[in-house]
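Novice: Each chain, letter by letter, is given below.
Number of protein chains: 2
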Amino acid sequence: MNAAAATVASLTVSLGERSYPIRIGAGLLTQPKLIVPHLTQERVAVVTNDTIAPLYLAALVDSLKRIGVRTLEIVLPDGEQYKNWQTLNHVFDALLEARCERGTALIALGGGVVGDIGGFAAAVYQRGMPFIQVPTTLLALVDSSVGGKTAINHPLGKNMIGAFYQPRLVLADIATLDTLPEREYSAGLAEIVKYGLIRDAPFLDWLEANMARLRSRDRGAIIHAVVQSCQHKAEIVGADERESGERALLNLGHTFGHAIESGLGYGTWLHGEAVAAGMVLAAELSARMGLLSSTEVERTRRLLQAAGLPTVAPRLAPERYLELMGHDKKVLAGRLRLVLLRRLGEAYVSADFSHEKLVEVLETCVADG
Amino acid sequence: MNAAAATVASLTVSLGERSYPIRIGAGLLTQPKLIVPHLTQERVAVVTNDTIAPLYLAALVDSLKRIGVRTLEIVLPDGEQYKNWQTLNHVFDALLEARCERGTALIALGGGVVGDIGGFAAAVYQRGMPFIQVPTTLLALVDSSVGGKTAINHPLGKNMIGAFYQPRLVLADIATLDTLPEREYSAGLAEIVKYGLIRDAPFLDWLEANMARLRSRDRGAIIHAVVQSCQHKAEIVGADERESGERALLNLGHTFGHAIESGLGYGTWLHGEAVAAGMVLAAELSARMGLLSSTEVERTRRLLQAAGLPTVAPRLAPERYLELMGHDKKVLAGRLRLVLLRRLGEAYVSADFSHEKLVEVLETCVADG
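Residue numbers (our numbering), protein chains in the order written: chain A, -4 to 364; chain B, -4 to 364.
It is possible that part of the hints are untrue.
Claimed, not checked - As a list, the in silico BS3-like pairs of lysine-lysine whose alpha-carbon atoms are at most 30 Å apart:
1. A:K28 <-> A:K60
2. B:K28 <-> A:K325
3. A:K28 <-> B:K325
4. B:K325 <-> A:K60
To be verified - From chain B, some residues computed to sit far from chain A (all C-beta separations above 10 Å):
5. L50
6. V64
7. Q121
8. D200
9. A207
10. G262
11. T290
12. E291
These are calculated hints, taken from the structure and not from any lab test.
For every residue, glycine included, the Cβ atom is placed at its ideal position computed from N, Cα and C.
Isolated chain A (complex conformation) (with noise of 0.2 Å):
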């Protein structure tokens, strides 16, 4: 299998001199020709976790050893719980330790917690070295491996402490896919029904066709919805890469979704989970705005259904939802701004809601008492 015939697709995230390719197929991991124009010295340290480890780590850093690549290994313990401070100091401990320089590579092999420490390692270990996501989660391939937001957890909230940061390479393996649990797979879903959601009608219609197919993992299939989302998130990100606008639109169902996760506990629902349960919300909201039809909200539910993802958020006190997304990032001067949804493939962010409203949504559209 050569590079040429596996490379299924490559896309481009357009941001001036910091700009870089995405390139999705099938075994890509084994295939260091790919990497090594992205590298400005012959070594490297690898990033992941104690889960991915044994499944991938050999074969890409053997591939790498075998045109004369030197590799640190930094094996991290898996789990949102631990993308914190003390994971991260973990890293920098092992670079130091190992002497690598400004110029080695950082390679983050494994989901959206090794991207993200691992990223946002590399941008601060000696102010920023060279970084490549090598993404083996669907939810990593097709949102957090691209766009260069890096971030570790506060114990006061979610992706609290962090950088944009923006990879050299973006190198999307789908045949990594293979071993990814059910949950997990099912969490990738709700990020490439986000897309659908936000600014592409067509795309839900295509993934209301082929969630079955999605679901069996039919190769095509994932293709597909994997070189779409990675399209819309290049995009978007191209137009806005610190988040000043359309990006926010990336954050549908996210605001629940983090008061979900911070709420519950870091690594109790999975953040795919979190944000499907909190597209729901935010379609509830839009509802109650007279924005969505009440057909369209069940058409969003049903195929986060089909997608194997809960629709239904956990009951807290409404005044801790509101706590919790309080501190959210996109808050503005004191306002809790939210993404809602005009209609299905449309979203806009609003300060301009009614509270009243949420709180009813908070209090009637969550699990039962």
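Once you have looked at the hints, place chain B on chain A.
Specialist: Chain B in isolation, oriented as in the chain A frame:
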């Protein structure tokens, strides 16, 4: 006193859309109208330390409050030994507890340590908040407040974790130098001498002729020296923001200096003191390489002595020096690079020096065992 009368000089760091002004004058601290145009909301977090707080915090905060800007005050312990993750986390805790947003500006009121920690906190809090430098030490005025380098130390190396993050404004109130202890004032003079050594022979002449005036804190002399220094720094940073080329020249004496600071334990020697002794070592090595005459080395030493600075580095085993110097961020592909002097007023970066001669300098040009 109005703003126009007090603003002695205004320079610009030219970095495209990230360009920003440096305002230099006496009494600027109590002129909030210089600050307000750089805020995106009427709220600021002021980070300072427990030495500066009793002297200047109230003046700054009261003048901001008087025009309706809400303030959060974060007071850190004073000292390089606190430039670490624990202190940084204290800033994050305070910002999050007070629900500061990504639009809240962070003002660093203090010396290099406060600017470095405050700037790094601003760089990564919610992935970046507006940042303003209000330097209160000579070293911060002429060096660390300009150029966007922010960092904390790691047990294995100084400034190892950080970001390039430009302020929106540098407000340099030279009246704050009135309370600066003699030793710290001299430490600032080291960086001023550095600009003469690396790129401005006439300024070096001026410094030799005016060092007594500078030592007596003659305001006219200070303003000339600060403006010249900031102009040099602004030019270099504008040409090479991320230290891929010319900016490395600003590190004359710093690789030796960092080894001194780290080898003796942070806080034993002041940064400027270590840099002064480090610049003499760089001059000695340059002389042994046939670049400088012994007269030029002696001239360097005398000027630094006149500035009240140590010019003999402490004795450490040469291997220890080399080990500590090996952690330097300028190390490229395992090769140590040093800033050397081609003549007084012209520096260059080189990995092409004799290792033997370096060891000889580390053995013979340091304090007696």
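Novice: Please go over all the hints and tell whether each is borne out by the structure.
Specialist: Hints and how they fare:
no. : hint             : result
1   : A:K28 <-> A:K60  : holds, 12 Å
2   : B:K28 <-> A:K325 : holds, 28 Å
3   : A:K28 <-> B:K325 : holds, 28 Å
4   : B:K325 <-> A:K60 : holds, 26 Å
5   : L50              : holds, 30 Å
6   : V64              : holds, 13 Å
7   : Q121             : violated, 5 Å
8   : D200             : holds, 34 Å
9   : A207             : holds, 38 Å
10  : G262             : holds, 20 Å
11  : T290             : holds, 37 Å
12  : E291             : holds, 32 Å
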